[in-house]
Amino acid sequence: MRKLNAYIRRKLSVRVSLWVVFFAAIIFNVALGFLFYQAREAVRQEAINRAMQTLDKTSLRVEGILNRVEVASNMTKWLVERHPDKADSMFVYSRGILLNNPDFYNCSIAFEPYHFENKGRYFSAYTKYDGDSIRTIQGGSDLYQYFFADWYLMPQLLGKPSWTEPYMDLDVASNTSEMVTSYCQGIVDEHGQMIGAINVSLSLNWLSHTISAVKPYPNSYSIMIGRGGTYFVHPDSTRITRQTIFTQTLEQPDTAMTALGRAMTHGQEGVRRMDLGGEACYVFYKPLGQTGCSMAIVCPESDIFSGFDRLRRTIMAIVLGGLLIMLYAFIRIITRELKPLRRLAYEAEAIASGQFDTPLPDFQRVDEIGQLSHSFGNMQQSLVKYIEELKDTTAQKTVIERDLLVASRIQMGMLPEKFPSRDDRDDVQLFASLTPAKEVGGDLFDFYFRDEKLFFCIGDVSGKGVPASLFMAVTRSIFRTVSAHESMPDRIMTLMNKTIADMNKTHMFVTLFVGVLDLPTGRLHYCNAGHDAPLLVGAGVGELPCDANIPVGFMPSWQYTLQETHIFTGTTIFLFTDGLTEAMDADNAQFQMERVTDVATEALANGQQEPHQLINRMTEAVHQFVGDAEQSDDLTMMAIQYIKQQSTEQILKRIVLPTDLQEVPRLNAFVEEVCHDVGFSHDDTMQVKVAVEEAVVNVMKYAYPAGQRHDVTIEAACNTLRLKFTIIDSGRPFDPTVQTVADTTLPAKERNIGGLGIHIMRQNMDSINYERLGNLNVLTVRKKIHN
Amino acid sequence: MCRLLLCATFFILHSSFFIPLRAQRDTIVFTPQWTAQAQFAGYYVAEAKGFYRQAGVKVRIEHPSATQPAMSRLRSGECQATTLQLCQALEVVDGGTSLVNILQTSMNNAMVIVSARDKDPLTQKGERVGIWSVGFGQLAICMSIKDHLDYKWVRFAQNVNLFVTGALDATLAMSYNEYYQLVQAGIRMTDKNVYRFCDHGYNVQEDGIYMTRDYYDSHKEQAQRFALASRKGWEWAAAHPQEALDIVMEYVDKNHIATNRVMQRLMLEEVLRLQVDRESHRREFRLRPDMVQLASRLMAEHKMLNREVKYEELKE
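Residue numbers (the working numbering), protein chains in the order written: chain E, 1 to 787; chain F, 1 to 316.
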């Protein structure tokens, strides 16, 4: 079977042929089924008509004879009732009936006990044929008390003439018996009282012969039953008078037979289809006149439909044979028609193996196969052409891929690679990762230290791939350039936005978060341009509140707002792009902010809030969530942990000087005194003096409009590590730290104006820091205490 | 010594063979009261299986004919034993013919009233009820009077045709015979339309084998052997109902009786059931004095007997 299936699957011709023959068979079946059904119904109806006609005819014949009996009985009754007292006349009447009707079996004119004075208890004028002669005798005796017989009692009990159930009539004289049925009617006197009964009997022999002879089909037969269902005619002679139509049902319940029996014994007429002796038969039944008997013709279905079945078998055989021939012919024809295709398949295999110049056969056909061959030829030519083009394209793609790889390396190279750890710094540690979705991406992050400030940013350029990567490179460069001259994130962001928006021909944009962390104090200034708000992982986990600013690149005039917060020691600022929250698994479900918060919370609970640990844990969580799904967006994370341990500063001295250059000697004396107090060497004291003087003189000279006199406060403080001088003034905002440092390697004539003072300060001090607090300029310079 | 041995041998042979030979001198002609059917299965079995022969009694079963009913054959001496229902026997004894019950087979009453049109017979006051013209209906007549039903009795010859044709409102039937004839005629039997006398205080035994007392007195031993062999026949029939039915059908066919095997099987089962006493649950094969007394009193009360016939009058 498996081989046959494999063969059919392999052979299109066989498959198509089978389908065609299958559908043809369905159509034939439906059409023939309908035809057979109609034909069968017609045959059935014909059989019913035929059988019912036969039944009617038989019934009419029987009724004809029965009518004669009834007429003869009626005439005799009339005579008897006119002379009820003449006993001897009864013999004449009785004899007369049989003389006039030689086919009658017998006749009795019987009277009630002692009806005739001289005749005793019994008087019955009984006449019967005895061979060719007629015998008339007086019937009735103690052994035959006729008034208990059915024929005597029935007209009395029913109040009308009636036919008795067939019974065995015993002729005592000849000791013979005969199955008869009797027509009996009562004799009444002038008062209407019953005084006797007339009984005219018919032998059932002729009836049996008549009914048995009814045989409309070769194997059909007829039955006759009485009121009680007793068989009086049946092909199985052992059943006659011995069984009723219900007898078999007592042992084997047969509802169909029982129903038939009841219908027949109730004098109904009809047709039934039922199983008799394991064979389906039609039974046609009808009552026989007023006798109470019922006749049925049993016709085996096989007989009725034998001609029809023969015709059906022949047609089915022809159809089956035709379908097989059709199948064979179709297979042969389709195989022949598909031969060129097979050859084409061989040639195609050769082409598929790389022999593109294999010559194709020319079938010289205009049909579908010819078209296919022609198309195949075209395809071969196109294939050769496309293969050549594919080679070029592949080569170009290789170049592009190589370029992209280089671009990726360049892009990655633009990002900081070295991250400060606890080993490197005591104030902050930082870690970041960027995983582009494609070779190059549009995410960016950056950070650098200037003086005692950490400048950092994280951003996400709209779009992906090369355009986004170029935009990202530009953004990062502008961030570096702008932040070199600005310390406040809002300014940095505003300037970046103006620069980018002015040159943004491609209408791209970037969401950006810029922050400046003042490392000595932990004060964070930040500005968010439409980027995801960072998380603060410290005492708890929470989002850093961010103002609603538009992304960078849309409106050059947009003024970004500055926000400020204090970062406590140990707190980690976790920044990320939407590649984290929108990372998708195979079912396109997103990682979402809730999971980011959960992972961060979990990390905090496990004491893993250090940048490297936090990013690794987050990366692991994302990978686990995404599974085997392809990365849909660039993923960038940056974590900054503020770790500076604040030591207690001791304010040593404080001096307030007017903004008058004449006060410089006081300043120097103040500085010297402080340096002496903390034990600075002479050289260190000199360096501090120069730096502080430079800063204070700048204030005295430039902080206020010329001619105005204000104060400048110099405060000296120290802790165990550093000496700090804080110069405070309320002049115009001025950040010396963003001034371009003078290139001291150039000759004095080639240097730009300014920048030398900050240079001196940076040279002499360990750190320099500027803050604008309210309307105050606060400049802080620090120098380490060496011992 | 030899003479003594010869005498002893002769005595033994005489005692074992002489009595049967003597008994077989007179054949008992046994006439059941009806045509061949399973009602008499035990006797056919006893004859067919040789139980009578083994008992040393010669029995010939001759069924009654239309011209020679069983009782007239007994009276005329054409048969020496017949089966009678207890009520019939009481009538005969009351009529002056002394009878002896040599074997009682029936322990229960089989008579029922079957009503037409699914009516309760007890509601058919004054309606026409068929009754056998040859007797058997004594208890029904008593019941009709006693329960004030005043049935109008219609005596019929033998079959159920009158009832089937609708000429009767109800008919008496034996649960083993006419009852099944009616079932075979398609009459539906329900708990409602069948009245069983045995369930209403009329459980009087029926069939038993009777002989005239004169004959019995002169052939006592032969009669007893006949009774014992008949009993054995019934016990065998109860133990082998299928084989017994085969034997019954042989008699049925031989006598050209218009019946069938199904009918006879049902009849045999019912007759065997009726032979089991309700109280002892055994086949007792004995006439119960209480039932004789019940039947006798009922019939006497309703003027069917001139006097109460005593149990002792029917026994040996």
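Treat each hint with caution, since some may be false.
[As the list claims (entries may be wrong)] Chain E stretches covered by chain F per the calculated footprint, using a threshold of three residues with CB under 8 Å from any CB of chain F: (1) 156-167; (2) 246-252; (3) 440-446; (4) 465-476.
[Said to hold, decoys possible] Just the calculated beta-carbon pair ranges, DEER-fashion: (5) E:Glu-63 to F:Ala-300: 49 to 59 Å; (6) F:Gln-293 to E:Glu-63: 51 to 61 Å; (7) E:Gln-193 to F:Glu-316: 50 to 60 Å; (8) F:Ala-300 to E:Gln-193: 27 to 37 Å.
[Unchecked claim] Chain F residues, not near chain E, derived (Cβ > 10 Å throughout): (9) Asp-118; (10) Arg-155; (11) Glu-235.
No lab work stands behind these hints, which were simulated from the structure alone. We put the CB at the ideal spot given by N, CA and C, even for glycine.
Item to complete: Please write out, lowest number first, the hints stated earlier that are contradicted by the structure.
Response: 3, 4 and 10
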